[in-house]
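Engineer: Generate coordinates for the entire structure from the input sequences, incorporating the hints supplied.
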Amino acid sequence: MTKIPVYLDINGHHHELQLEPRVTLLDALRDRLGLTGTKKGCDHGQCGACTVHVDGERVLACLTLAAQAQGRTVTTIEGLAREGEMHPVQAAFLEQDAFQCGYCTPGQIMSAVACIREGHAGSDEEIREYMAGNLCRCGAYPHIVAAVRQAAQEVAS
Amino acid sequence: MRDFDYIRPATIPDAIAAAAEPGSAYLAGGTNLLDLMKGGIASPERIVDISRLPELNRIERLDDGGVRIGALVRNADLAYDPEFAKSYPAVAEALLSGASAQLRNAATVGGNLLQRTRCSYFYDTASACNRREPGAGCDALEGENRLHAVLGWSDACIATHPSDFCVPLVALDAVVEIEGKKGRRHVTLEEFHRLPGETPQRENALEPGDLIVAVRLPAEAASFSANARYLKVRERTSYAFAVVSAAAALVVDGGKIRAARLALGGVAAKPWRARSAEAVLLGADANEATFASAADAALADASPSGDNAFKIELARRIVVRALISALSGTPKRLPALPASPFSNIPGVRHDA
Chain Y
1 MTKIPVYLDI NGHHHELQLE PRVTLLDALR DRLGLTGTKK GCDHGQCGAC TVHVDGERVL
61 ACLTLAAQAQ GRTVTTIEGL AREGEMHPVQ AAFLEQDAFQ CGYCTPGQIM SAVACIREGH
121 AGSDEEIREY MAGNLCRCGA YPHIVAAVRQ AAQEVAS
Chain C
1 MRDFDYIRPA TIPDAIAAAA EPGSAYLAGG TNLLDLMKGG IASPERIVDI SRLPELNRIE
61 RLDDGGVRIG ALVRNADLAY DPEFAKSYPA VAEALLSGAS AQLRNAATVG GNLLQRTRCS
121 YFYDTASACN RREPGAGCDA LEGENRLHAV LGWSDACIAT HPSDFCVPLV ALDAVVEIEG
181 KKGRRHVTLE EFHRLPGETP QRENALEPGD LIVAVRLPAE AASFSANARY LKVRERTSYA
241 FAVVSAAAAL VVDGGKIRAA RLALGGVAAK PWRARSAEAV LLGADANEAT FASAADAALA
301 DASPSGDNAF KIELARRIVV RALISALSGT PKRLPALPAS PFSNIPGVRH DA
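Line order of the protein sequences matches chains Y and C. Residue 1 is where the first sequence starts when you use the working numbering, and the numbers rise one by one after that. Residue 1 is where the second sequence starts when you use the working numbering, and the numbers rise one by one after that.
Hints may be right or wrong, so weigh each one.
[Unchecked claim] In silico PhoX-like cross-links for lysine-lysine, where the CA-CA straight-line distance does not exceed 20 Å:
hint	chain 1	residue 1	chain 2	residue 2
1	C	Lys86	C	Lys332
2	C	Lys86	Y	Lys40
3	C	Lys38	Y	Lys3
[As the list claims (entries may be wrong)] Here are the simulated distance ranges between beta carbons:
hint	chain 1	residue 1	chain 2	residue 2	range
4	C	Arg61	Y	Glu118	48 to 54 Å
5	C	Arg202	Y	Asp124	42 to 48 Å
6	Y	Thr36	C	Arg146	38 to 44 Å
7	C	Ser293	Y	Glu78	57 to 63 Å
8	C	Arg146	Y	Asp55	51 to 57 Å
9	C	Ile312	Y	Arg137	30 to 36 Å
10	Y	Thr2	C	Lys332	51 to 57 Å
11	Y	Asp55	C	Ala279	46 to 52 Å
12	Y	Glu95	C	Glu60	44 to 50 Å
13	Y	Pro142	C	Ser293	40 to 46 Å
14	C	Arg194	Y	His15	29 to 35 Å
Just so you know, the hints here were simulated from the structure itself, not pulled from any lab data. Please read these numbers as outputs of a predicted model, since none were measured by experiment. Note that beta-carbon positions come from the ideal geometry of N, C-alpha and C, so glycine has one too.
Structural biologist: Shown next as structure tokens:
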């Protein structure tokens with residue numbers, strides 16, 4: 001099948017790729033660009049492990065074609081830290097021990113950054129609701145909620 | 001996923017011309033279509049990516065007092081539009097009770113109307129499904145069917161329509177604006193989705209190439225803004241499709257119901273407008289006894305399509321609870337758990 005040129009802006013870097021149109025943003029990130037921080041969990045939009053930001057908003061990379069992201073700004077977990085310093089949400093996840101196996105964690109963190117930015121981290125109940133799209137099979141939810149709450153307070157102060 | 005040709009038309013006429021060719025499919029948010037393509041349930045040869053058509057992502061207030069929502073407006077953008085949410089709170093609540101924040105940032109208005117059933121036999125290409133493959137039979141009839149339809153189903157198909165958004169929309173007389181090869185036409189949302197009958201594969205009023213360009217709400221829809229709710233029972237607290245849901249909207253004056261709208265979700269192959277229940281409500285005293293009569297009317301024609309008789313009684317109770325919550329008034333601020341029946345609703349008995 002014919003490949004098409006796809007120009008992607010990932011974490012501030014421009015990439016020019018030749019891709020089959022069916023390649024998802026998730027597969028382009030992991031298999032073509034070596035950005036394996038974004039995880040493939042279910043690949044069906046049910047688990048949230050592949051959450052990235054497109055134009056600053058959280059979406060699922062497994063249900064986005066790479067071609068759909070052309071001309072938009074994509075941020076992955078690799079692009080969150082600034083000059084070697086962890087993002088406050090990353091630091092809060094470490095401090096609160098908000099993971100066990102860690103596989104869902106990049107998606108959780110990307111989702112949490114957006115959740116706080118959207119103003120949906122006002123209470124534990126609200127955090128749970130607006131983080132519901134990110135599943136954690138280890139069941140680290142209480143610590144994840146604590147990490148999001150802590151990061152939200154730090155961002156507000 | 002089978003490979004396909006990918007085109008990104010610059011104009012609506014170009015999009016319609018491309019999509020009218022056999023084997024074509026429109027791509028907007030992609031949250032349902034790409035999943036269907038990965039599973040081989042849909043396998044278009046040509047994807048017409050309409051997501052950048054600029055004129056389709058606007059929310060416009062019309063001179064007649066209505067609103068016109070462009071087909072590419074994303075679920076999150078519509079739900080968080082302050083003026084829209086204030087005028088049509090049950091619609092905003094329904095949107096926010098659906099899917100997850102990530103999916104709501106991608107899913108569009110038009111795509112929501114066109115999403116396919118989540119019947120597991122439809123998704124499993126090894127199972128018989130008349131909707132996916134006409135004439136193949138229906139494995140859901142003798143299968144795991146506790147979440148299937150209780151209204152409007154046929155022996156050919158017992159699947160439900162999964163949308164939350166469509167439920168308050170159909171209650172509020174929404175109209176679908178469609179552009180096709182022969183020009184633009186309007187179809188009421190109530191007539192847009194079809195019941196299965198003998199042809200479950202014919203899910204809606206669209207012809208090849210037809211493009212939903214907008215959904216309109218008439219001026220009257222905003223008159224319910226003070227007393228409108230959406231309630232949704234799920235098998236987990238959040239991020240799940242409705243087992244049963246209901247949108248209720250009232251205009252009450254001096255204890256009497258002056259206008260009433262009611263629709264159910266999760267019970268049929270289309271969002272289910274309960275007009276017989278509205279007739280019971282109109283002019284009656286606004287109290288629980290009236291609401292119970294309305295619920296009986298709404299479910300009068302219901303019958304189980306399998307192990308799902310419980311959904312009929314559940315739907316009755318959700319109708320009553322949705323009407324009580326609408327009567328008690330639209331909350332000033334949306335609850336942390338939108339549409340959850342477990343949120344505290346004044347006047348609702350916990351054992352109801």
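Engineer: Which constraints among the numbered hints does this structure fail? Numbers only, ascending.
Structural biologist: Violated hints (numbers, rising): 2, 4, 8, 14; every other hint is consistent with the structure.
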